[in-house]
Amino acid sequence: MFSLKGLFSTVGISLISTLVVSFLIGLLQINYEFLVVSIIFLVTYVVTGITAPIWNPKTPYFSSYLASIILTLFNFFAANYVLGVNVLFNPDGVNNSLVISTTTSLITTFIFLQITKRNQVTNDD
Amino acid sequence: MMIRDTLDIYNRNLVNIIIVSCILVIPVTIFLLLAGQYMYELNIEQPYIPIFFFVILNFTVLFPPFFFITWHDLNDQSYQWSAMFKAFINNFGYIFIFTFIFYILSVYGSFLLLIPTFIGLSMILLMPLFIQKKSIRDSLRSAWKVVKEENIFILIDLLIIVSLNVFVWSGALYIVQGFENNLFFYIILRSLINALLFPFIYIYLTIKYQQD
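Going down the list, the sequences are from chains A and B. Here the first sequence stands for residues 1 to 125, where the numbers follow the numbering used here. Here the second sequence stands for residues 1 to 212, where the numbers follow the numbering used here.
Extracted from the complex, chain B is given alone in its bound form (with noise of 0.2 Å):
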């Protein structure tokens, strides 16, 4: 059921998220990723925090076009061409910075039993959704309230999605594994994949938990 709207959507809305995907999914991907590789050349202690977050900024980052595009088409509103763009610019700093503050949390309270992982996990995964409120206390109130409700089976969500993008990754990998690859190569891969499933994440996780 769920999975049928998310494709009607996508169907809906195929032109403008064919755009966006050129736009910024391609060229936000390349860069982060091209930043995590600079991370890794760096003497620093623990390399792969910074670039797991850099993984982290690129999924969340990338949501407001698409839950906007999502939320005008369930509403049956039109909107105009470079409000997706907008939405973008104006939501960056917003969830960067949030994305920032839970990820510090998440690492650092790891030693907790991994409930402060788990709780901000869920909670960068679900700030994003509420962008829309007016207020950045009404949005982090809302995703705290799915946080209680739902607890443990966003977990599943997550499972889901990480187990997609592995999934996609590793058939992907099967496909060119012939040939003489290097980083730009699985750079450039990556991003085109992630041009191809972040759209149906985002649409399925807009329907799942926005009730209002």
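Here chain A stands alone, though its shape is the one from the complex (with noise of 0.2 Å):
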């Protein structure tokens, strides 16, 4: 079954990574535009594709899916509120920005499912 409430919790989980890797690096002052982006990028949806499983055992990977799908329509929603970043006019942008997050998480759950199978194997034996 799947359960919402595990969903909520991954992206809850996912959420406070963010907030603390963003403000570790805000506190090594850290002025590379491109390696923090990226930091905070990876962080967010590998934490993301490694809680989905937790909670949602029976369904990882659409779990995974709509976490990461929530978490960049939030990015979305911050940054045309917040930011007064138009992301929506380019098309382009918000294609990439869905398909690149999604299949992080996706590839995350992939592997640390074959990962946790393979050391219930050897458990087992």
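It should be emphasised that the hints constitute simulated quantities derived from the structure, not laboratory data. No false leads were slipped in.
Calculated lysine-lysine pairs in the DSS-like style (CA-CA distance at most 25 Å, straight line): (1) Lys208(B) x Lys134(B); (2) Lys133(B) x Lys148(B); (3) Lys86(B) x Lys133(B); (4) Lys133(B) x Lys58(A); (5) Lys134(B) x Lys148(B); (6) Lys86(B) x Lys134(B); (7) Lys58(A) x Lys134(B); (8) Lys58(A) x Lys86(B); (9) Lys208(B) x Lys133(B).
Estimated spans, in silico, between C-beta atoms of each pair: (10) Ile115(A) x Tyr40(B): 41 to 51 Å; (11) Asn95(A) x Lys148(B): 37 to 47 Å; (12) Tyr32(A) x Ile44(B): 27 to 37 Å; (13) Arg4(B) x Asn80(A): 47 to 57 Å; (14) Arg12(B) x Tyr32(A): 43 to 53 Å; (15) Val121(A) x Pro27(B): 33 to 43 Å; (16) Leu140(B) x Ile115(A): 31 to 41 Å.
C-beta: ideal position from N, C-alpha, C; glycine also.
Join the two chains, each given in its own frame, into one complex according to the hints.
Below is the structure:
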């Protein structure tokens, strides 16, 4: 069964990790823009991909897909209303961000599930 | 009667409450108030809507660890030390998203004679009380049942919370009146007051509205 509460927990944990990592980056004063953006991006969606199977063991891929889409929509919302960047005027950018974020978290979920499966097999033996 | 129970539970779990206050309440409050200050410095149309959202989020997001403590105290169960932080992390997303939804509802529904505002604020107040239910539908349904039973009297609780905050805040400002204060001083004072006040409010609400 798909549990909505688990999905929201996944979203919350990746939000918390994003906040903590961006706070650390601000504290360490890293000024390379590309590095900062890619670190925050990777941390957010890799954490989403890892934590999605924990609360939704039956439907891990769907959960990580939905969680990354919710996070991307939050990003659009914040960019539109807070930072004043008109993201939705650029369809290529929207397409790119949706595709890259979902594929990152799906690949992470795949790798994580393979590793846990292998661990279970070795533990059973 | 209810206040005595609140003080009893507060005294019994004093160490855990102080730990949660130092590790969670103070940093979260400082972070959210700084976020509000950042919103104020941006040139957006109505900066007070997101700032007030952060103030409300500050209240609701910190509810689960104290609810966890009170719930285990009322049922005479023991728990691990780290389970309080786990309760905070696990329920963060659920409470964040539903506070967001009800806040949007109450802000943009205010032209309908403030009825959606009242319903949204009472749901925001009551929703974190039912986090231990299995599914989201169950917890929202129990919160909605309490809203239907108590309807206008939830406003009194809201009034108690707001007036207690204002009372302690004005007293603290009266003490530090003569100093040269800046923004960071006010933020730190606010976080200390939150660490002092919030546990009482959370334990009071949990005892009052948690029937089963």
